[in-house]
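Produce the complete structure using the sequences and hints provided.
There are 2 protein chains.
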Amino acid sequence: MKLRKDVLPKVTGRAVYANDIVLPGMVYAKVVRSTIPSGRIRSIDASAALEMPGVLRVFTAGDIPGIPSQPRERPVLCPDRVRCVGDGVALVVAESPEEAAAAAAAVRVDLEPLPALLDAERALDEDAPLVHETGNRIARYVTVRGDAETALAAAPHVLRRRYTTPRVQHVCIETEAAVASYDPGTGETLVRCPVNSPFPIRKVVSETLGCPMTDVRVVLTTIGASFGGKNYDIALAASRAAMASRLLCRPCKVVLNREESIEEGTKRHPLFADYTVGFDGEGKLLAMKIRLTLDGGAYTSKTFPVTSRMAIEGTGPYQVPHVDTEAVSVYTNQVYSDALRGFGSPQVDFCSESLMDEIAAYLGKDPVAVRRLNMLEDGKPSAFGQIMEDVTLPQCLEALEEAVDFPARRERIAVYNASHSRSKKGLGVALLHRGESFGAAGQGIDTASGMLSIQPDGSVSVCSSIAEVGQGGSSMVAHVVHEALGISWEKIRYSGVDTTFLTDAGPTVATRGTVFSGGAVYRAAGQLREKLTAYAEPYLHTREVTFEDGEIFESGNPGNRVPLQKVIGDVFAASDHLNALGYMAAPPLPYDKSCGVGDAYLSYVYGAAAAEVTVDVRTGVVSVDEYFAVHDVGHAFDKAEAEGQIRGGVCMGVGYAVMEELEMSEGRIQNHNLDSYIIPTALDMPKTTPIVLEIPGRYGPFGAKGLGEPATCIVAPAIVNAVADAAGRRVRDLPANLEQVALGHKVKKK
Amino acid sequence: MKLRKDVLPKVTGRAVYANDIVLPGMVYAKVVRSTIPSGRIRSIDASAALEMPGVLRVFTAGDIPGIPSQPRERPVLCPDRVRCVGDGVALVVAESPEEAAAAAAAVRVDLEPLPALLDAERALDEDAPLVHETGNRIARYVTVRGDAETALAAAPHVLRRRYTTPRVQHVCIETEAAVASYDPGTGETLVRCPVNSPFPIRKVVSETLGCPMTDVRVVLTTIGASFGGKNYDIALAASRAAMASRLLCRPCKVVLNREESIEEGTKRHPLFADYTVGFDGEGKLLAMKIRLTLDGGAYTSKTFPVTSRMAIEGTGPYQVPHVDTEAVSVYTNQVYSDALRGFGSPQVDFCSESLMDEIAAYLGKDPVAVRRLNMLEDGKPSAFGQIMEDVTLPQCLEALEEAVDFPARRERIAVYNASHSRSKKGLGVALLHRGESFGAAGQGIDTASGMLSIQPDGSVSVCSSIAEVGQGGSSMVAHVVHEALGISWEKIRYSGVDTTFLTDAGPTVATRGTVFSGGAVYRAAGQLREKLTAYAEPYLHTREVTFEDGEIFESGNPGNRVPLQKVIGDVFAASDHLNALGYMAAPPLPYDKSCGVGDAYLSYVYGAAAAEVTVDVRTGVVSVDEYFAVHDVGHAFDKAEAEGQIRGGVCMGVGYAVMEELEMSEGRIQNHNLDSYIIPTALDMPKTTPIVLEIPGRYGPFGAKGLGEPATCIVAPAIVNAVADAAGRRVRDLPANLEQVALGHKVKKK
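Line order of the protein sequences matches chains A and B. One point on numbering: in the working numbering, the residue at position 479 of the first sequence is 838, and numbering is uninterrupted. One point on numbering: in the working numbering, the residue at position 64 of the second sequence is 423, and numbering is uninterrupted.
Listed below are the simulated EDC-like cross-link pairs for lysine to aspartate or glutamate, each with C-alpha atoms no more than 20 Å apart in a straight line:
no.	chain 1	residue 1	chain 2	residue 2
1	A	K724	A	E770
2	A	K562	B	D816
3	A	K562	B	E849
4	B	K925	B	E903
5	A	K562	B	D929
6	A	K361	A	E1000
7	B	K562	A	D935
8	B	K562	A	D816
9	B	K925	B	E907
10	A	K925	A	D908
11	B	K783	B	D1043
12	B	K562	A	D929
13	B	K562	A	E849
14	B	K369	A	D542
15	B	K1105	B	E1025
16	A	K1046	A	E1002
17	A	K562	B	D935
Hints are computed from structural coordinates only; laboratory data are not their basis.
Now the structure itself:
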């Protein structure tokens, strides 16, 4: 059995999380935060705090050795203005966490309130308060192809629909944390933290400290899940710990409690979407006009690629000849938005997959049939004009239909519904397409690196800066080595992430781990295969060889073989080495950003899903009874793992579909902890059938494709479509919670 | 000023040595040792020890998860036989070092004494006790060229001389230490220790644990000097700590105290040398017959390359047409011998440089003139038949003569001696040649690696597994980067050594750091230069460029320039990277091991030295008054550093010349601590004039050559020649201590 590389430390409780680290002389820092969404700092009075036991220092922005932040990014400590509730204005450092917390409460911050912008859809109004002096627009991306206006005017049927999605959060079990130790001798600051983007974090910390990047070393601790959240949030924790450590010459720990994590942590972008769609009598799509407004909150981090992804994927996995999409993200004085598993897709997937059902319902057609009529095809242009290849939607849909047996299931549901007046069952479907990695329009860099080192005893270490966030990233790279070099699983060590020794492999986001980092490791393995093949030639008299189970043999002639270990010995005996650095960068893509047309992503993944729900039509309680998820992963290194990742994605999607929403009032989050911000428990999980297809892609190692984010993207629309099917009530504003399902509208809590 | 990369932590006391590491739950291990030089373990009774407070376990060889040792290498714990005093037979682990020590004293080891071999020169006798069942000979190397027998018979003058050199030790300020932490979750054992050979140590630890090499990670701590001693001694400490940590699942620290370090630590090979030399009336060498016996002690580590080096360098830096050298190293039941700064050279340099003076005295010639008559020349064969190139002995000797002013100095000395009856001054000289790295005959691997990583902000980290042992190895690689890429000193970080992330760069021994590791880093820098040059071409329209002070400019036309930072930005903007792995392996050398003739080393370093001493002829007290050391370092990255390294080498040489000797009695060391094993203090240091020549070599980066070992090699003969010049008494058995100088023979202490 190939035990996951990260599993034993976790199940034995031996895994070391940042909060487990205790260093001699360590101090603890606590942030004093803004209580208002917009204001100017008049004064900070730390005199009382400084008198309290154990308190060492109270730092403010002026103490930062470098710069508080890049423009429009969240500051480590605000120099003058606060732009959202939770903004850090001072940092109390004490000998214990309790003393730091007590003193933080005693710091008096005098804030002059300024007008706050809380409504994203008002952000671009003439009279809107400016969150940043340079204007409230963060990003604008369009996809304009054909003539949507004319096509819509000519279309036999037109529907206009407005959808909204809520502000939700990652809810990792581990909150944000970092331990920094500045070494006054070497000048190096070692930051140990659970971060999915070690290199970008190093940059932020070095800017905070005003030192060269190589003076900061980021070493990953065990990560208690990321979902996109162990990113800029960790940069803040790390920078604060680092500045305190630097200024006090003592190690410093910063750990947020759950309330702080909810208050400060980044969120999924809320979306306000207006769709206009034209179609013919069969349901064939003729044109779409889409206007998307994303609430970026007070600062920007991954808002650019999230916005660009929405502009591209807004039409769903369908052919639309005339498209006019505009996605605009704006600043508001709300807690700010960043990457969250799916990265824009779950929002627009909810819109497009709801819309397909609405079209089907309007025409009285089968929702599956309407999708099949429109879905992407090989050799045909996507809505954004990319000539598609390797579209596996037909296979996904076929696998779904086989598993679900729609006719039989609908019949059973009809029987049930006929005999139940309060409780109604329904069936919903959704299709998935998703560009892998950052793509041509995004501002992320589609590169990755991997390092391999075979030792004289045949054991091998594999390095990649892919973070193990629980997704199995560490095992994925080990599988690549195992399959590429035929080295036994037990002899492969995943060596963690240390920015000092590794090449920047980009952040662990955007479902790019397998294709890009796996690809980079595969290339490194390829270099070693090549060298080993040359050293094996004196034995095998050919370079057409296969690596398997610790042997190299002539391809197709396994009798002609040599033990891999013998060849490894020869390499070292010849004073040669077996280290390799692999690198993978996406090729430039023909894509016109001005109109958003062209090859938006190098590759795409596809899936299909169906949900069966039971709705209590009086209370609005939705029970997700069963869920079918088909995902084409190209090549499953470990099928059980892939299925596990699908189940996790379904769980997260259930929360997005029917439970989760951060309720805001005057810029303040109202549900402060997990007693009021409800996420699914095991009891909320549907019976789930993950179906893993393996249709090899052309970019990932062994044809593998990404699965991390796709697993959650279309769960909400499948469920909401099922709710509509059951209750006859179309929920267009996520989540489909009690009020929405029972009353048809949201109830504002306060 | 280019501050050494290791200096601030050391002078501020912030440097973390292994003994400074304290981990939660850490336990402490103490070794129970053999008290006899040869015996069989009848039984080990740990019952009393196990009852003592804080004691956790007492391990014996049977508890070792893997193997106790490779054949004929020192065992982690002896399974059945002990072969020298100090051999480990049990390991007591307790909650504190004091408890471990107390319990170790309570372990009863019943040893059956066996006949002990204590005299190396009797080791190959028929009836000699066998130290290892396979025989007492460790290694035999010869250099046989021409017909020495016939040439000696025909020579006008023949001298026969016997020289011996003592058993001495490294005396690093830091004793042997290691901290191991086994992680039961990941299965990885992290070993933090001060080791100059991180990769070989990893192998030993993994064999002890019976695990793949990649399950062991060696991270270097600050090293409190090595001089060759932070090698197999550390492997033992590390293996013992690792086995205890593995078996108890707790971190374990092993630190030897000074007595243990003296008892167990490896030593410089004692040498018994018989020289027969034939020469003509001018002092021209005609033939040499050399018989060398090295006392390897009970086990072997670096005895092979030490023996081979002696067979090659035994004739000194002179042309000898007929040579018959045989160097044989043998086992004895003494503490064992390993690498020690100079690695064989100081022993034979003492012999050959004494011999040259004896020839000069015999003929009544000037010792300098006799040397000049015989010294190596470009285009002429060495004694071992290598056609020499880049011989810089003439320049070294010229620089020495200029600095010393022999005629004037001899005159002053004559005046002094004429007026002092009890106190006599004398002047001695010596010449140096030394092969760099391991060479063709040695069993070391002449390879090295380096890793460079330029970050987007232009800072760079440089990795190499060269250990910073105080020699400035970390600064050397930084200098290579600085000079090769024109990156400012402050932006270059030396990133320490971690076996998980680096390519094996071989051990930090044999004066191979600068040429090989520096060379590997230079190659890595070359890869980055090439890439940066390509990216600079659009600005400069040429690839003939110079990197200097953060700019790239057209060579010879500095007006045509572009900032390096701009080009670095372009690289990253193009999704490219600036990481490089450099590797350097010595080419195969034409060398015939069977007769020891050919290109023994890739390259050589040269030097010349003179010492002026004052001898109290009644007490035998030698005061080394002045010392001149000329060394051709090829290219001095930092001249003050080079001079400092020379001073350090002189200090060590003074100890070897007039003070140091481990006195043995029945296999037991008699001088147990630094109160009886005397090493030089600051007051013993002569006024030293280091003279650094920079005549570029063809292999090292920027022409640099090694200096670490050469700095100490010929100090003793220069001093002993001066003593002979002053006192008229030739000391042929080092050290030239009171008894030898005053009485003419050694006094056995017990």
